[in-house]
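Residue strings, one per chain:
There are 2 protein chains.
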Amino acid sequence: MKKISVAEEFQHIDAFWSPRQVGELNGQLVKFVRLKGQFEWHKHTDEDEMFWVMEGRLTIRLRDGDIVLGPNEFFIIPRGVEHMPVCEDECRVMLFEPAATKQYGD
Amino acid sequence: MKKISVAEEFQHIDAFWSPRQVGELNGQLVKFVRLKGQFEWHKHTDEDEMFWVMEGRLTIRLRDGDIVLGPNEFFIIPRGVEHMPVCEDECRVMLFEPAATKQYGD
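Protein chains in written order, with my numbering: chain A, 56 to 161; chain B, 56 to 161.
Chain A with its partners taken away, still in its complex shape (with noise of 0.2 Å):
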């Protein structure tokens, strides 16, 4: 049992939208990513996602509209709906998710 430090964690990590598993807790992982440019039009069908953005800015794209998120904002995206993260400078995020999800959906 240790505490965890996002900034000691984002030191390990290099790659964009190559998220890093940092904590499980009931099923579900916490995860840390750095993203930057879009990712491509997925849905994931049983597991709802959170992204909480720490640094930067980011857009999830929605089909009906987009959702804007700065440091300390989260959203959640219900099962099913579709949704493409998009970013033009680095964003830092978190992800919570179910241990079964996959990156680029169903």
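Just so you know, the hints here were simulated from the structure itself, not pulled from any lab data. Be careful, since some hints might not be right.
One copy or two, it doesn't matter: identical chains are merged, so the pair holds either way.
[Said to hold, decoys possible] As a list, the in silico SDA-like pairs of lysine to any residue whose alpha-carbon atoms are at most 20 Å apart:
| id | residue 1 | residue 2 |
| --- | --- | --- |
| 1 | Lys98 | Leu80 |
| 2 | Lys86 | Pro74 |
| 3 | Lys91 | Glu143 |
| 4 | Lys86 | Ile59 |
| 5 | Lys57 | Asn127 |
| 6 | Lys57 | Glu79 |
Here the structure is a predicted model, which means the values were calculated and not measured.
Fit chain B to the supplied structure of chain A, relying on the hints for placement.
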């Protein structure tokens, strides 16, 4: 569906030790809470619990030592582990735990 802002949510929290639910995903609740002083020793038999410090400094007493958390540090208390949160000055925390979790433990 809307984004959640830490700053905005805390404006609605007047009392200490009174968690405010700010999100739900996959049967887990996201809660914000203001802490000051000390809680009682307790444990959650079937639930892991995450404490994420946003502001201030939080000590989590465990039977075999203390964990001290500053801003942007978190700790996951495994199910069944006795703990007591303590902070001399105000501390603002995100809790992540199953919907079934009771504040005072089992």
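Hint check:
{"no.": "1", "hint": "Lys98 <-> Leu80", "in the structure": "between (23 Å within a copy, 15 Å between copies)"}
{"no.": "2", "hint": "Lys86 <-> Pro74", "in the structure": "within (6 Å within a copy, 24 Å between copies)"}
{"no.": "3", "hint": "Lys91 <-> Glu143", "in the structure": "within (6 Å within a copy, 40 Å between copies)"}
{"no.": "4", "hint": "Lys86 <-> Ile59", "in the structure": "both (11 Å within a copy, 19 Å between copies)"}
{"no.": "5", "hint": "Lys57 <-> Asn127", "in the structure": "between (23 Å within a copy, 14 Å between copies)"}
{"no.": "6", "hint": "Lys57 <-> Glu79", "in the structure": "within (12 Å within a copy, 26 Å between copies)"}
The structure is consistent with each of the numbered hints, conforming to all of them.
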